[in-house]
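My request is simple: use the sequences and hints to build the entire structure.
Residue numbers (the numbering used here), protein chains in the order written: chain D, 4 to 427; chain U, 1295 to 1399.
Misleading hints may appear alongside valid ones.
[To be verified] BS3-like mimics (lysine-lysine), calculated; alpha carbons at most 27 Å apart, straight line:
{"#": "1", "chain 1": "D", "residue 1": "K80", "chain 2": "U", "residue 2": "K1365"}
{"#": "2", "chain 1": "U", "residue 1": "K1384", "chain 2": "U", "residue 2": "K1345"}
{"#": "3", "chain 1": "D", "residue 1": "K283", "chain 2": "U", "residue 2": "K1352"}
{"#": "4", "chain 1": "D", "residue 1": "K219", "chain 2": "U", "residue 2": "K1384"}
{"#": "5", "chain 1": "U", "residue 1": "K1345", "chain 2": "D", "residue 2": "K163"}
{"#": "6", "chain 1": "D", "residue 1": "K235", "chain 2": "U", "residue 2": "K1372"}
{"#": "7", "chain 1": "U", "residue 1": "K1365", "chain 2": "U", "residue 2": "K1345"}
[To be verified] Some chain U residues near chain D, calculated using beta-carbon distances under 8 Å:
{"#": "8", "residue": "K1352"}
{"#": "9", "residue": "R1362"}
{"#": "10", "residue": "K1365"}
{"#": "11", "residue": "Y1375"}
{"#": "12", "residue": "G1381"}
Hints in this document: simulated from the structure, not taken from any laboratory. We treat Cβ as the ideally placed atom computed from N, Cα and C, and that holds for glycine.
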Amino acid sequence: MKTVLILGAGTAGTMMSNHLRRRLDDDEWAIRIVDEREEHYYQPGFLFMPFGVYDERDVVRPQRKFIGNGVGRIRGKIEQIDPAENCVTLASGERLDYDILIVATGTDIAPDQTEGMLGADWQNRAFDFYTFEGSRRLAAALKDWKGGRLVVHISEMPIKCPVAPLEFTFLADAWLTRNGLRDKTELIFVTPLSGAFTKPVASKILSHLLEEKNIKVVNDFAIGSVDSDSHKIVSWDNREVAYDMLVTVPTNMGSAAIDRSGLGDEFNYVPTDKATLQAKGHENIFALGDATDVPTSKAGSVAHFEAEILTENIMDYIAGRELSAGFDGHANCFIESGYGKGFLLDFNYEQEPVTGTFPIPGLGPMQLLRETRMNHWGKMAFKWVYWNMLLQARPIPLVKPELSLAGKNLQAASRETATQPIHN
Amino acid sequence: MSENSIIGIAVDLDESGYLTNHDQWTPVIAEALAGEEGVAPLTDEHWKVLKFIAEDYKERETVPGMRRMNKVGGIPTKDLYRLFPDGPIKKAARIAGYPKPASCV
Ligand SMILES: Cc1cc2nc3c(=O)[nH]c(=O)nc-3n(C[C@H](O)[C@H](O)[C@H](O)COP(=O)(O)OP(=O)(O)OC[C@H]3O[C@@H](n4cnc5c(N)ncnc54)[C@H](O)[C@@H]3O)c2cc1C
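Written as structure tokens, this is what we have:
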């Protein structure tokens, strides 16, 4: 009996376990999946909890509900991977051998990476909405909000779901307005980027929207420290932004287990072939989801497309064939813009987001890079799709892992896309 | 891509003034670009940064970010801001003759 071992039972690991169980012979292959948690979180829902749109029940389910019978679940903290021995050690000391390893340990916030971020203001005046706990506490704090300087902040790129901080800002604007607090609140968006977003055409449109909503933007802000005494964030070039409430996205980093194993880059992401999803330098190790360093957004939609590609490549690997499937970096992200409207972005490694229709060229019903009600409903429907189709690794009708250029207005793309993507 | 020159040497530059062909880069051009960026003359400390960018670019075909400069290059952020004030990565990448770092996805 041979073993495929999957590390992490989040979005990507769960999908892989379901794909592979359908494809691999039960008598030949055991599939085992390890996670330190029992709960599966619908992370996109963390964006909505602070505003009371979703409550805790919308975003948490037991992991076991999504993992099939033929898959062995192991609860435990991954201590270290030993590629030379083809084994993984858990914190309990248990040793798990594998023939094929799939790394899907995701990424998490690392507030300790910024001086002072975990100071007296943390969870009192300074919050995050990238974790279940953080989002819950922020929801409670917003109930007491009377007005002042509300600062939404990105610490360092890359972060998972890079549009989420903008969405939070738009939703905050609408929520404050509805609660009669908008004219008492100065809403400020602070980013290390030079624009509103990482991709030129989308950035322009989103900058315009921030201006329209009277949201002040502070660009090129590389945070050096948080000062809890005077309630301000300070950049490396000594600029200061004062806050009454700080909603920050701390530095995102991959699992410390990846670092301990010597398998990570400076963010603990696994250097991964961006087409085949094979870990660089390790034939029988593969990686997908937020745990990799591939240059596309870290998003559930990306993990979904990657899982389809990686399943084909693992079948090839087992059969001793050359890996035939290539991932193109396809990402598909809804952006909530408040007041029941939203945008949709569809892009990949080469093609930046542009206007057009999705998923049916010329028809839609979704409009790319335009603010519509239908896009908002798309985002709300995503929760159902996530719990009922995505995790089970069922194909989503009309949506393919490869980006389709049909229905996209390509002349809108600027020439700037030729610049190198890097972490700023 | 426009035909341009730096101190009389013909080079290809993009619209932000970054070299588009690294083969045209020389230490003399670096010194001239450093002048434009207001960080000339280049010291050994500057050169340590520029050399790390060059080595890392060869390996990964992308300009290293701040955290990589710290962790892999061993150059602390505060030194980078002292050596290349206001946007160290963008300035250092330009002087080193590599593309303008667009921020990651
Ligand atoms: C606020 C927010 C909004 C978002 N909105 C969207 C959206 O609208 N659309 C979209 O597509 N995506 C969105 N995302 C991103 C999406 O949730 C992630 O990209 C996706 O969940 C990644 O899946 P993953 O399996 O790689 O990681 P995860 O789902 O995070 O799973 C990683 C798993 O690994 C486990 N693990 C890690 N280290 C260890 C260890 N040492 N030992 C044991 N177990 C370990 C963890 O417990 C976890 O269960 C959003 C994310 C956030 C935070």
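Quiz prompt | Numbered hints the structure breaks, given as an ascending list | solution = As far as the earlier hints go, 5 and 8 are violated by this structure, in ascending order.
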